[in-house]
Structures are given as structure tokens and as C-alpha cells.
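> Line by line, the protein sequences give chains A and B.
Counting in my numbering, the first sequence runs from 3 upward without gaps.
Counting in my numbering, the second sequence runs from 3 upward without gaps.
Hints are not guaranteed to be accurate.
What the hints assert, rightly or not - In the DMTMM-like style, the derived pairs of lysine to aspartate or glutamate whose C-alpha atoms are separated by at most 20 Å in a straight line are: (1) A:Lys113 with A:Glu97; (2) A:Lys60 with A:Glu22; (3) A:Lys51 with B:Glu104; (4) A:Lys60 with B:Glu55.
These are computed hints drawn from the structure, not numbers from a lab.
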Amino acid sequence: AQSVSQHNHHVILSEAASLELGCNYSYGGTVNLFWYVQYPGQHLQLLLKYFSGDPLVKGIKGFEAEFIKSKFSFNLRKPSVQWSDTAEYFCAVNEGDNDMRFGAGTRLTVKP
Amino acid sequence: DAGVTQSPTHLIKTRGQQVTLRCSPKSGHDTVSWYQQALGQGPQFIFQYYEEEERQRGNFPDRFSGHQFPNYSSELNVNALLLGDSALYLCASSLAGRNTGELFFGEGSRLTVL
């Protein structure tokens with residue numbers, strides 16, 4: 003069955019620490035990959051996306067993600083987190099216009 | 003440019019009742035998807051509407067139904083509410099045929115079933 007797995011439920015970091023959030027998916031075909039972020043009290047918004055081409059994609063606010071096809075992974079990274087990065091992060095996958103499937107989310111808490 | 007708007011933002015119902023949630027897509031979008039997000043979980047796909055028809059459906063019972071109007075707005079109806087239907091219901095809009103899959107989300111309608 004198609005699924006998306008996020009390995010970390012809750013991550014706590016201090017400001018300036020580096021961040022890596024894991025995401026693995028199980029899809030058989032060509033996929034589109036996304037990271038969405040939900041800041042406290044706000045709606046889900048797109049952080050970055052991968053459709054094709056360079057497997058290293060850059061998003062807003064200094065985030066980047068790397069697509070590793072052989073590992074079915076799309077991990078999110080940021081070299082130095084800020085307190086304002088405290089939020090819930092969701093990895094999502096779809097094929098074309100088919101329904102988008104989300105992981106369970108990772109709650110990131112950044113301590114000032 | 004108006005984003006995705008949903009109403010109501012919060013509502014409380016009792017078991018067995020019926021509820022209708024509403025969504026207006028982002029300007030220029032023609033496709034509406036509905037998701038259920040239980041506490042501590044990621045959004046779960048309910049269904050998608052395009053050209054006033056249900057195009058795709060997730061693993062939700064027939065108690066969940068929807069509608070899309072000619073102006074692309076949409077409704078989600080849930081009948082015979084159960085306690086387990088308590089969740090945040092998210093509407094997302096997109097533009098069909100772009101093959102990008104990018105969704106724009108509203109802030110959701112939080113349903114509490116007592």
C-alpha cells in the first residue's frame with residue numbers, strides 16, 4: 003500500500019542547531035514530493051517541492067530537501083534553525099493529479 | 003488574491019447529527035480536495051471534486067459526501083456523526099491539468115462531536 007513515513011514525532015533543538023527530518027515513501031511510480039509546514043495557529047503552507055531534475059531542492063526560509071530515489075527518501079534539512087521555525091512539518095507524496103498522501107508529521111520545537 | 007476560505011471555523015455537534023462544511027477555493031482554481039486531520043496525525047484524503055463530480059475518493063465511508071458548485075466552491079457533508087469524526091477538516095484547492103499536485107490549504111473547520 004502507498005504510504006508516507008516520518009521517522010521523528012517530536013524534535014527539540016536549540017537555536018543555530020542543524021536540522022534533518024526524515025521522510026520515506028512507498029510508491030511504485032513517478033512521484034511528486036512535498037514538504038508542508040504548519041506554524042502554530044496557521045494553515046498548512048508549502049515549504050518546498052520536487053517534481054523532477056536536480057534532486058536537491060531549495061525552499062523558503064533556508065530549507066532544502068534531497069530526493070534519493072534508491073532509498074525512497076526525501077529528507078528535509080536546514081543548516082541553522084531559528085526559534086521561528088517552531089512548527090509542525092509534513093512530508094507529502096502524490097502521483098500527478100492523484101490524491102496527496104501525508105505523513106503523520108514531525109513537531110519541531112526550537113528553544114531560544 | 004483570496005486564498006482558500008472555509009466555514010465555519012469551529013462547530014460542536016452531537017452523535018447522530020449531520021454537519022455541512024463549506025469551502026471556497028483560491029481564485030483561479032477549479033479543483034477542491036477535502037482532508038481530515040485528527041489530533042496528532044497528518045491529513046487524510048477524503049475526496050476530490052472537479053467539474054462538479056467526485057473524481058477520487060479515499061478510504062472514508064459513505065457517510066462522508068460532498069458537492070461542488072459551478073463556481074468551484076464545495077461542501078463536505080457528514081451524516082450520522084460519530085465521536086471519531088471529531089477532527090480538523092481541511093479544504094485544499096488546486097488547478098487541474100497542471101500535473102504539479104501542489105495544494106493550497108484553508109485554515110480548516112474544527113469539528114467536535116460530543
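> Given the hinted pair A:Lys51 and B:Glu104, is their alpha-carbon gap at most 20 Å?
Holds. A:Lys51 to B:Glu104 sits at ~8 Å (cutoff 20 Å).
> Can you confirm whether the C-alpha distance between A:Lys60 and B:Glu55 stays at or below 20 Å?
36 Å, violated
> Given the hint that A:Lys60 pairs with A:Glu22, does the C-alpha gap stay at or below 20 Å?
14 Å, holds
> Within a Cα-Cα threshold of 20 Å, do A:Lys113 and A:Glu97 meet the stated pairing?
37 Å, violated
Hint check: violations occur at hints 1, 4; the rest are consistent with the structure.
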